[in-house]
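Protein chains in written order, with our numbering: chain W, 3 to 298; chain Y, -7 to 295; chain C, -19 to 398.
Fair warning: there could be bad hints in the mix.
[Stated by the list, open to error] Reference listing, derived: stretches of chain Y covered by chain C, where coverage requires no fewer than 3 residues with Cβ under 8 Å from a Cβ of chain C: (1) 42 to 52; (2) 130 to 137; (3) 182 to 196; (4) 237 to 243; (5) 257 to 267.
[Stated by the list, open to error] Here are the computed lysine-lysine pairs in the DSS-like style, where the Cα-Cα straight-line distance is at most 27 Å: (6) Lys289(C) - Lys148(W); (7) Lys217(C) - Lys137(Y); (8) Lys308(C) - Lys97(C).
Think of the hints as simulated: they come from the structure by calculation, not from any bench.
All values derive from a computational prediction rather than experimental measurement.
For every residue, glycine included, the Cβ atom is placed at its ideal position computed from N, Cα and C.
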Amino acid sequence: MNSEYFSNDYQKTPFMLFFRVAVYAVLIIAAIYFLIPLVIMIFTSVKTMNDIRTGNLISFPRQFSLEAWKSAWDTACIGVTCNGIKGYFWNSVKITVPAVSISTIIGAANGYVFSKWKFYGSEVFFSILLLGCFIPFQIILLPMAKMLGMAGLAQTLPGLVLVHIVYGLAFTTLFFRNFYVTIPQELVKAARIDGAGFFRIFFKIMLPVSIPIFVVSIIWQTTQIWNDFLFGVVFSSGDTQPITVALNNLVNTSTGVKKYNVDMAAAIIAALPTMAVYIVAGKYFLRGLTAGSVKG
Amino acid sequence: MTFQTSENLKTKISYMSDRLLPKLVVAPTFVSTIVFVYSFILWTAWISFTKSRLLPRYKLEGLIQYIKLFTNDRWWVASKNLFVFGSLFIIICIITGLLLAIFLDQKIRIEGALRTIFLYPMALSFIVTGTVWKWILNPSIGIAKLMHDMGFLSFHFDWLVNSDMAIYTVVIAGVWQSSGFVMALFLAGLRGIDDSIIKAAQIDGASLPRIYLKIIIPSLRPVFFSALMILCHIAIKSFDLIVALTGGGPGYSSDVPATFMYSFAFTRGRLGLGAASSMVMFGAVLAILIPYLYSELRSRDNE
Amino acid sequence: MNFKLLAKTMAVLILFCVFSTSTFAGQVEVLHWWTSGGEAKSVAILKGLLEKEGHSWKDMAVAGGAGENAMTVLKTRAMAGNPPTAAQVKGPAIQEWAREGLLANLDPVAKKENWDKLVPSVVTDIMKYQGHYVAVPVNVHKINWMWCNPSVFIKAKAKIPTTWAEFETAAKKIKAAGFIPVAFGGQAWQEATVFESVVIGQAGAAFYKKALVDTEPGALNSPQMIKALKTFKMIKKYTDKNAPGRDWNMATSMVIKGEAAMQFMGDWAKGEFTAAGKNPGTDYVAIPAPESAGTYLFNIDSFIMFKQKDKSAQQAQNAMARLILGKKFQEVFNVNKGSIPVRSGIAKASFDDIALRSMDEFAAAAANGTLMPSMAHGMAVYPAVQGAIYDVVTEFYNSDMTAKEAAAKFVTTIAAAK
C-alpha cells in the first residue's frame, strides 16, 4: 500500500503539508538515532590513540589514520598469536556458508511440505518445531557436547556447522512455509493432474518464485550464524574459532592500555559481511517479507 | 495390456511416492528436532531433579533444586527483569517499527537509504552493540559528557550505573538493534495490503488516521504475530546483550534468567539449579505461547 | 660425490627428525584466559620453551568475565570426552575436577623435579587430590594491597592511611579537595576483593578463616562481620558514581592520572603503573590495605592437567608441567605479571621492591599463620559457595540492605549453595 492512492485533495491541504514535514522530521531524527553508534565506531576506528584520549566520543577525527584497521586485521594479538583477526574471519566464512546454505535448502523443502503436502500430524509437528526454538540455548550445550563427542565431531568445523543447521531449521522452515502458503493450492493441484510429482512441482513451480524468500532466509541465517558467540566459543577450538570469539578475546583485554581504535576497527571488520548482505540484498529482503508475511 | 499395466504401476508408484516423499523430506528435521531439541529438554528436566554440580549426575533427588530456585532472591530479580525488559522491548519495538513503517510508506524520496539505516543494526553482533552503547551511555565519557561539554550542565543521565535503571539501558540498546527488523516486517505488510479496500474507504469519506486505525492496522494482524514471535525469541534469548552492556550489574540488578542460568550452571558449578531455572523459563514461555499459537494458527486455518 | 653426501646427510637428518618427533614430540592444547598484553607475552614464553623441546602448542584462549566463558568451554569439552591437555583452573575447583576422575597424575614429574621441596605446602595442598599432584601452580598474587598516588594525598593535605579510621579522615579531605578518594570498579569480583581485604584487616586472619574459608555460621553472622560490612559500605561514599561496570584497569588508570587517590587491588595493578612509566615509591605507593599489615591474602594461578591417552601427548604434558615450575619461566612470567614465583630458588635480581617485599611477607605470613586463601579469587571455597557470597556482597553494596540483614543472609545463602 502506498499513499499515492490517496486522492489529491488530501495532498494539498495545509494539514497534509504539515503532515509530510512531520513525517520527514521524524524519519530523519530516527535515522540519526540509528546512525550515531555507527558514526562513533567509524570515527573512533580512524582516530589515533592520542586523539581518542584528548577528544570526546563524537568529535570528528583530527588525524585520519588507518593504522588501527591494519593492526586489527593483521597484527593485533589474540592469545599468544599476533596475526590479527584475518584467520578467524575466514573461519567464520567456512562455518557460515555451508551452515546457511544447508539450513536454507532443508527449510525450503520442509516449508514446501508443511504448506502444500500436509499429512496427518504435520501441523502438530510444525508447532512442535516452532516451540522447540524457545528453549534457552545455554542449557543444551552440555548434552550437545556429549552428542558431538560420541559422533567424533567435538571441536571440529563440521560439528559446529551441524549445530548451526540444527538450531536454524525452525526459522528457515517457518519462513518458507509462510511464503509457500501464499501460492495458490490450485496451481499444485493442476500440476498434479498433469502428472507432475512431488519434486517436479517443487523444482518447476515453487523454486522459480522463491527467490525473495530465499533472500530473507539467507539474510536471517547469515546474521544469526555469523554473529553467534555461544556455539562458536564452545564447539570450536583454537584455530577453528569464529571471528566473534576472536573479537571477544581482543576487546576483553584486562591489562595494558585499551586500544579503542583497534577494538572498533575489529568490530567493524567483524560486522562488514553481514552489513554488506543487508545493504546489497535489502531490497529483495523487503520483497521477500512482503510476499511471506502477508498471510502470517 | 502390458502398456496399461505399466501405466497403472506408474501411477501407483507416483501415488505412493507422493504420499511417502513429503514425510521422507521432513523426516531428517523431525529426527533432529526430537534428538537435538526435545531429548535435550528431557535431559535438562532430568538434571533439574538431581544434585548435579560441576558435571551431570543422574541420581534423582526430587524437587530440591526448584525449592532452592524459588527461595533465591537473585532468581526473582532476574525474572522481574525479564518481564520488564521483555514487555517494554516488545512494545516499544512494535510501536517504533510500525510508526517507522507507516511513515516510510508515505512516498518518501530517500526510502531505500532510510530503510537500510533502520535495518543495519540487526547485522551487528552483540559485542559491537554492547561495547558501543556502553560508551554512549557511560556517564563520564558518553552522551552525558557531550551534553556537559556543550554547556547543558543540568543534563543528567546515569541509567547505566543506577541499580534501578540499568535494565532500561538494555531496552534502549535492544530497541535500537531490533526495531528496524520489525519496521521491515510492517513495511512489507503494508505493501501487501489490497488497495481497493482503502479506495473504498476513501470514497466513503474516511479520514486518513481513521483509515489507518480501523482498516490498515487491523489487517496487519498476521504481521503482529510474526513480529511478536521473533521479538519474544530475541527477548528470551537476550543474553549476549546484557553480558556486553551491563554484565548483569550494578550488583545483579540487571540480571535476566538466561544470564542467571549461565552463571549458575557453568561458572558456579550448580548445574542442577541451572537446569531447574531453564525448565521454569521454558515452562513460562510455553504457558504464554501455546494458547496464543493455538488461537492464531486455528483462526488462520478457518480463514 | 658431493651430491651423494648431501643426500645422505639429508636422509639422516630427515630420519632423525622423524625419529625424534615420533618418540618425544607431542602437542599440548592449553585453555586459558590470559589474553591481555603482559599475560599473553608470558604465556608465549611458555609456548617458546615447549617448542624448543620439540613439542607443539595449540592455543585455546577464551577471554572474558574472569574465565567465565573459559569454564563453560572446559565443561562442554569434558562432556564431549575431549578435554584439552591443560586448563587454567585454581583453588578448590581443582578438587571438583579431580573428583570427576578426569585429571592426570603428575607425581612422576613432581618427584623428579622435587616439587615437595621447592613449593611451600600451603600451595602443594591445593594442587594435590588425595595426595597426588593433579595441577601445577604458576604464581602467587597478593590481594590485600592498597595503591596510592602520593601527589593527590599531598594536594589534599591528607596522610596515607593505615587504619580504617585514618582512611575515613583522609578520604574526607581528599573528597573536599575535589579528588575521588577511591578508584573503584563495580563488578562483583572487585567488590568481593575489597570486602575480603576489609574483613581480614579489621577482624584478623583467624576470623577471616572461620568466616570466609570455613564459612561457619557463627562467624558469618557475628558482630565482627557486621562491623566489617559497615566499613566496606562506608568506602562506597568515597567512590565516584560512575564506578559500576568499570574494569579494574580503568580504575587503576584513575590513580595513575591523579584523578583518584587510592585503589584496593591485587598486585597485578603494578603492571599498569609500570606500563605507564611510573616509579614505585615516588609516583605511586603500594602498602597493605588498612589494618591488614602482616596478613597475606593469596591467589595462586594454576593449570590442571587432563589424562592423555596418547604417549606423545603425555610427554608433552609432562614437559609443560616441568617447564611451568622451571626457573626460567617462573622468573620471566612473574616479572611480567607482577606476581611472585611459587617456588624457591629463583634469582631475585630481576624483581622489584614490591615483589621482593611480597616474597618476604609470604614467608612471614606462612610462619605466623596469617597466610590466607582469597575468597574473592576462588582460592578459599568452592565456586558455588563463592558465588553465594558474591551475591550477598554485591546486593549489600548496591542496595539499601543493612549490614545486619547481609550478615544473616550470608548464612542462609551459603547453606543453600552447599
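Which numbered hints turn out to be false for this structure?
3
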